[in-house]
Amino acid sequence: MALTSDPPSAVPLTKAPEAATATTVAAVPRASSAPAGLTVVPVRHPWRWVAVAATAVLLVQFAHGLVTNPGWEWDVFAAFFTTETILQAVWVTLQLTFHGTALGFAIGIVLAFMRLSANPFLRSVAFAYIWAFRSIPLIVQLLFWFNLAYLYKELSIGIPFGPSFLSFDTMGLVGEMSAAVLGLALHQAAYAAEIVRGGVLAVDEGQSEAAASLGIPRLRQLRRIVLPQAMRSILPNAANEIISLFKGTSIVSVMAIGELFYQVQVVYGRNGRVVPLLMVATAWYVLLTTALSVVQHYVERHYAKGSAR
Amino acid sequence: MSSAVTVSAATTVTEADTAKVEIRSVHKSFGTLHVLRGIDLDVRAGEVTVVLGPSGSGKSTLLRTINHLEKVDSGTVSVDGTLVGYRLSGNKLYELRERDILKQRTRIGFVFQNFHLFPHLTVLENIVEAPVSALKRPRKDAEAAARKLLDRVGLADKAEAYPKQLSGGQQQRVAIARALALEPGLLLFDEPTSALDPELVGEVLDVIKDLAASGTTMIVVTHEIGFAREVADTVVFMDEGRIVEQGPPGEVLDSPRHERTRAFLSKVL
Ligand SMILES: Nc1ncnc2c1ncn2[C@@H]1O[C@H](COP(=O)(O)OP(=O)(O)OP(=O)(O)O)[C@@H](O)[C@H]1O
Ligand SMILES: [Mg+2]
Chain G
27 MALTSDPPSA VPLTKAPEAA TATTVAAVPR ASSAPAGLTV VPVRHPWRWV AVAATAVLLV
87 QFAHGLVTNP GWEWDVFAAF FTTETILQAV WVTLQLTFHG TALGFAIGIV LAFMRLSANP
147 FLRSVAFAYI WAFRSIPLIV QLLFWFNLAY LYKELSIGIP FGPSFLSFDT MGLVGEMSAA
207 VLGLALHQAA YAAEIVRGGV LAVDEGQSEA AASLGIPRLR QLRRIVLPQA MRSILPNAAN
267 EIISLFKGTS IVSVMAIGEL FYQVQVVYGR NGRVVPLLMV ATAWYVLLTT ALSVVQHYVE
327 RHYAKGSAR
Chain E
12 MSSAVTVSAA TTVTEADTAK VEIRSVHKSF GTLHVLRGID LDVRAGEVTV VLGPSGSGKS
72 TLLRTINHLE KVDSGTVSVD GTLVGYRLSG NKLYELRERD ILKQRTRIGF VFQNFHLFPH
132 LTVLENIVEA PVSALKRPRK DAEAAARKLL DRVGLADKAE AYPKQLSGGQ QQRVAIARAL
192 ALEPGLLLFD EPTSALDPEL VGEVLDVIKD LAASGTTMIV VTHEIGFARE VADTVVFMDE
252 GRIVEQGPPG EVLDSPRHER TRAFLSKVL
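Line by line, the protein sequences are chains G and E. The numbering used here puts the last residue of the first sequence at 335; the count rises by one with no breaks. The numbering used here puts the last residue of the second sequence at 280; the count rises by one with no breaks.
Hints are computed from structural coordinates only; laboratory data are not their basis. Don't take every hint at face value.
Stretches of chain G that chain E covers, calculated by requiring three or more beta carbons in the stretch to come under 8 Å of a beta carbon on chain E [unchecked claim]: (1) 79-87; (2) 251-260.
Residues on chain E that point at chain G, a partial pick, calculated with CB under 8 Å [as the list claims (entries may be wrong)]: (3) T117; (4) P130; (5) Y173; (6) S277.
All C-beta atoms, glycine included, are put in the ideal place defined by N, C-alpha and C.
Excised from the complex, chain G in its bound form:
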């Protein structure tokens, strides 16, 4: 019987002294309590309680293992969690995420409007870009960028097949870190473009029509009328992308850049404490993803202004 006792219902019940009397509908007319004096008995869910109990047992066992199994080496975890090396690596990871996101979405917005434009050439170029960068695995692309200096010794700006006005030394221009940011951003741009385009398409056409009928300048229509409304469907997807880019920075470890995952590998390569150091990385990833989710919540609330939901 204990398993079937449900939490008290929101409906003000008469003080039924026993469960037994509650099940028989008490027809005692008491105007002040339940409507027409009838006691409401909520539906009971015995199996739900069984499931809760089973899940709870498994969780407790897992937690017990985390605490008591010496293999986790929590002392090692604690020793490394906030060391200089790890903190610096976290900072590099955050920088990669920030720059990758900012540049990626900037390029993505341009691509989205190219795809939405009336010009077939711009549309095709954007389409081809998105097609290409969604097809190439990120890790392959990153290695390409890393080896850019091998392909192009110097970059120059000028007329194709004609004279050039400016030239840069590729190695100086594209350092390790910028190569990584560029790779992440170009990859991100392809996805961001589709997210932004989807968001813009989700805004009722009547909105830009109304804005056009009022003579509101074109850029202002986008910035003030269309994009803020598009943000509502862009944001959840964009947050997903940012979070996956944040974790995706661990791929950059193949380029020997000192981000979180690479640094952790270096440390456990030296001291052999693989599991606790993986836990250090995991804890940081979870912590920062949580922070991003909190930010997402508030940003979404800002853009929900004026909506009923």
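Chain G is fixed; fit chain E with the ligands onto it per the hints.
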């Protein structure tokens, strides 16, 4: 523009002093669907023209060509003696740049069937947006003017509300105030009460009647025959992309000359 339309500039000038809107042999197709099949219409300043017609007859399309939301295939539309969307030079029509078209639209107010208020902006922000961004009015002045307009449409206390918090009738009155904020010389209404619950129709029609009484030039597409009878100076009946007949409401509504008009009226009355 496929067909270079030849309009003698002389006619435009001579009629400009009386006509607010001149529509000359306007044709428009969507793909193979010929929606407007040679429309000619004059609307004089200060008058109210009500356009009636069955669904699909091209009423909305005609209205939308007047502020160039819809491009015509051939023919011309002019407002205040100026071509809409084009510039006539020699006997060629040059398409205007978007910026210039947007400027032209600030002189023409448009009220949509489904309001199309900006849901993320408050009522006041909705009204102030165009005067500030299109006419470069100082925000303070625009807000003061907007509050006066809200008072005029009976919504002085709703300035800070969001559109979703208003009834349909209130939203449409805000949309009218938003169109009026540009002080347009011409107002176009596309079935302004068709999306409203019956008991809310009256409050919107009252606002429009009020505007009519103050001498604003208006073209109103509607199915409200009572409104047409009361307010219209001219009633235009359209069917299958053509104007079948037009005249004072007493004539067109009470003794229509065409069989199609009679058939339509017998259905809606
Ligand atoms: N953008 C468009 N693309 C294709 N067809 C269109 C478009 N706009 C309108 N049409 C078609 O043109 C015809 C005339 O449409 P319009 O909206 O002008 O009719 P209406 O007289 O306003 O009808 P209603 O009373 O139903 O609003 C209809 O058959 C419609 O389907
Ligand atoms: Mg219509």
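Status of each hint after checking the structure:
Counting residues of the region 79-87 of chain G whose C-beta lies closer than 8 Å to any C-beta of chain E gives 0; at least three are required, and the coverage claim is violated. Note: the region 251-260 of chain G has 3 residues with beta-carbon separation from chain E under 8 Å; the three-residue rule is met and the coverage holds. Taken as an interface hint, T117 of chain E checks out: its beta carbon lies about 4 Å from the nearest beta carbon of chain G, inside 8 Å. Using the Cβ-Cβ criterion of 8 Å, the hint placing P130 of chain E at the interface with chain G is satisfied: the shortest such distance is roughly 5 Å.
Checking Y173 of chain E against chain G: minimum C-beta separation of about 4 Å stays under 8 Å; hint holds. The interface hint given for S277 of chain E is violated, since its Cβ lies 33 Å from the closest Cβ of chain G, which is over the 8 Å cut-off.
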